[in-house]
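Number of protein chains: 2
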Amino acid sequence: MISNNRNEPGHWEVLESSYLHKEPWLTMRKDAVRLPNGRTIDNFYVWEYPPWLNVIAVTENGEIVLIRQYRHGIGKVSYELPAGVHDKPGESILEAAQRELLEETGYGAGTWKQWMALSANPALQNNITYTFLATGVCKVSQQQLDTTEEISVHPVSPEKLSELIDNGEILQALHAAPIIKYLCSLQQ
Amino acid sequence: MISNNRNEPGHWEVLESSYLHKEPWLTMRKDAVRLPNGRTIDNFYVWEYPPWLNVIAVTENGEIVLIRQYRHGIGKVSYELPAGVHDKPGESILEAAQRELLEETGYGAGTWKQWMALSANPALQNNITYTFLATGVCKVSQQQLDTTEEISVHPVSPEKLSELIDNGEILQALHAAPIIKYLCSLQQ
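Residue numbers (the working numbering), protein chains in the order written: chain F, 1283 to 1470; chain P, 1283 to 1470.
Everything labelled a hint here was simulated from the structure, so no lab data went into it.
Hints are not guaranteed to be accurate.
Identical chains share a label here; the pair holds if one copy fits it or two copies do between them.
[Unchecked claim] In silico EDC-like links for lysine to aspartate or glutamate, alpha-carbon gap of 16 Å or less:
#1 Lys1304 - Glu1290
#2 Lys1370 - Glu1342
#3 Lys1358 - Glu1290
#4 Lys1395 - Asp1448
#5 Lys1442 - Asp1428
#6 Lys1358 - Glu1295
#7 Lys1358 - Glu1451
#8 Lys1358 - Glu1431
#9 Lys1421 - Glu1345
#10 Lys1421 - Glu1385
#11 Lys1442 - Glu1345
#12 Lys1395 - Glu1377
#13 Lys1421 - Glu1342
#14 Lys1312 - Asp1448
#15 Lys1370 - Glu1441
#16 Lys1442 - Glu1385
#17 Lys1370 - Glu1385
#18 Lys1358 - Glu1298
#19 Lys1312 - Glu1342
#20 Lys1395 - Glu1431
Pulled out of the complex, with its shape left as it was, chain F reads as follows (with noise of 0.2 Å):
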């Protein structure tokens, strides 16, 4: 720990909570809080969130599995790694991660292993998202799409990949993150 105990920023006391909304997609949490200077906070809202998932899943012969999907909050299509969410009962982080590249991709097997863990928002989101790193995939399916879903599959060689991240095409941060540090180990 590098910080000063003596300006430690303090954490909150939550003086209210309750829910704005409650749906699968859609939990909404407002707070009213003290802050450590005696100020207090009515309506701070927080999004509750179960744990989330990608991978980054590399075939035999080293390339990656890519996704492109829609994505309607900048209303475009972009480059993804194969990504989900951890919400059924009795299955492990590393278990929905292999169930979502399967579904998402028809790749699967390989040896995984944790490679990063990140928060979309911590100011305003409660959950963590869970990077697994996949080596030796192969294609052992055929997509099993949910009817919402459109999902095309493209893997990509690591100069590719480098490419779309020089060139912005890989927006979503959880995912450029464990990329970015992905290329960078194969450069060492």
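Given the structure of chain F, go ahead and fit chain P onto it with the hints provided.
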């Protein structure tokens, strides 16, 4: 473009759009949409935000200026880049970044360039976050914090920054991605 036009995912058509919340810190839109396969979703929520920004500020002796701040979403104090929002009329995104660095840390001057552009969540929110790389910064004033801000300032060496990333002490993906890109650039 690697994408195969035959299977390029299509955009969604917006059938109806309304605002559930429109407050300074919470603008939430509810869209009814039609997918390319004809299926409809009645309630897809999008959070609208102004552009966000953050800064990798490197001092004349090569230290990177980090801050520590309590983040209520995850309920923890963690290391971050100085960061903020582009919401002042007449101010460019670069000027907003320079202002935020000065207010949060007291550091300024130096040579600035855009370093990365990312999205915290392309599915659910509409804004982009811009990272600037500022080199040769120095302490030019005291911090100027809002009454709701409690921020401590921590210039760290590249080696220490690398350790913080490896130990998961910089959780915010919008900060981790440009930091890893910066650390990787130092190795080349």
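Against the structure, the hints come out as follows:
In the homo-oligomer, the alpha carbons of Lys1304 and Glu1290 never lie at most 16 Å apart, since the shortest distance is 34 Å inside one protomer and 34 Å across protomers. For the homomeric pair Lys1370 and Glu1342, neither the shortest alpha-carbon distance inside one copy (29 Å) nor that between copies (50 Å) is at most 16 Å. Proximity of Lys1358 to Glu1290 under the C-alpha cut-off of 16 Å is restricted to the inter-copy arrangement: shortest distance 12 Å between copies versus 41 Å within a copy. With identical chains, the CA atoms of Lys1395 and Asp1448 are at most 16 Å apart between copies only, with a shortest distance of 15 Å across copies and 26 Å within one.
For a Cα distance limit of 16 Å, the shortest separation of Lys1442 from Asp1428 qualifies neither inside one copy, at 29 Å, nor across copies, at 44 Å. With identical chains, the CA atoms of Lys1358 and Glu1295 are at most 16 Å apart between copies only, with a shortest distance of 12 Å across copies and 39 Å within one. For the identical chains of this complex, Lys1358 and Glu1451 are intra-copy neighbours only, at 10 Å inside a copy versus 31 Å across copies, given an alpha-carbon limit of 16 Å. Only within a single protomer do Lys1358 and Glu1431 lie at most 16 Å apart by alpha-carbon distance; the minimum there is 15 Å, versus 34 Å between protomers.
Proximity of Lys1421 and Glu1345 under a CA criterion of 16 Å is satisfied intra-copy only: 12 Å inside one chain copy versus 45 Å between copies. Proximity of Lys1421 to Glu1385 under the C-alpha cut-off of 16 Å is restricted to the intra-copy arrangement: shortest distance 11 Å within a copy versus 52 Å between copies. Taking CA atoms no more than 16 Å apart as the test, Lys1442 paired with Glu1345 passes inside one copy only; the shortest distance there is 9 Å, against 32 Å between copies. When the C-alpha separation of Lys1395 and Glu1377 is checked against a cutoff of 16 Å, the pair qualifies only within one copy, where the shortest distance is 12 Å, while the shortest distance between copies is 42 Å.
Proximity of Lys1421 and Glu1342 under a CA criterion of 16 Å is satisfied intra-copy only: 10 Å inside one chain copy versus 50 Å between copies. Proximity of Lys1312 to Asp1448 under the C-alpha cut-off of 16 Å is found in neither arrangement, the shortest distances being 38 Å within a copy and 33 Å between copies. Neither within a single protomer nor between protomers do Lys1370 and Glu1441 lie at most 16 Å apart by alpha-carbon distance, with minima of 36 Å and 40 Å respectively. In the homo-oligomer, the alpha carbons of Lys1442 and Glu1385 never lie at most 16 Å apart, since the shortest distance is 24 Å inside one protomer and 39 Å across protomers.
For the identical chains of this complex, Lys1370 and Glu1385 are intra-copy neighbours only, at 14 Å inside a copy versus 44 Å across copies, given an alpha-carbon limit of 16 Å. In this homomeric assembly, Lys1358 and Glu1298 never come within 16 Å of each other (Cα to Cα): the closest approach is 38 Å inside a single copy and 19 Å across copies. Taking the closest pair of Cα atoms, Lys1312 and Glu1342 never come within 16 Å of each other, the shortest separation being 48 Å inside a single copy and 43 Å across copies. Taking the shortest alpha-carbon separations for Lys1395 and Glu1431, neither the intra-copy value of 27 Å nor the inter-copy value of 38 Å comes in at or below 16 Å.
Of the numbered hints given earlier, the model fails hints 1, 2, 5, 14, 15, 16, 18, 19 and 20; all others are met.
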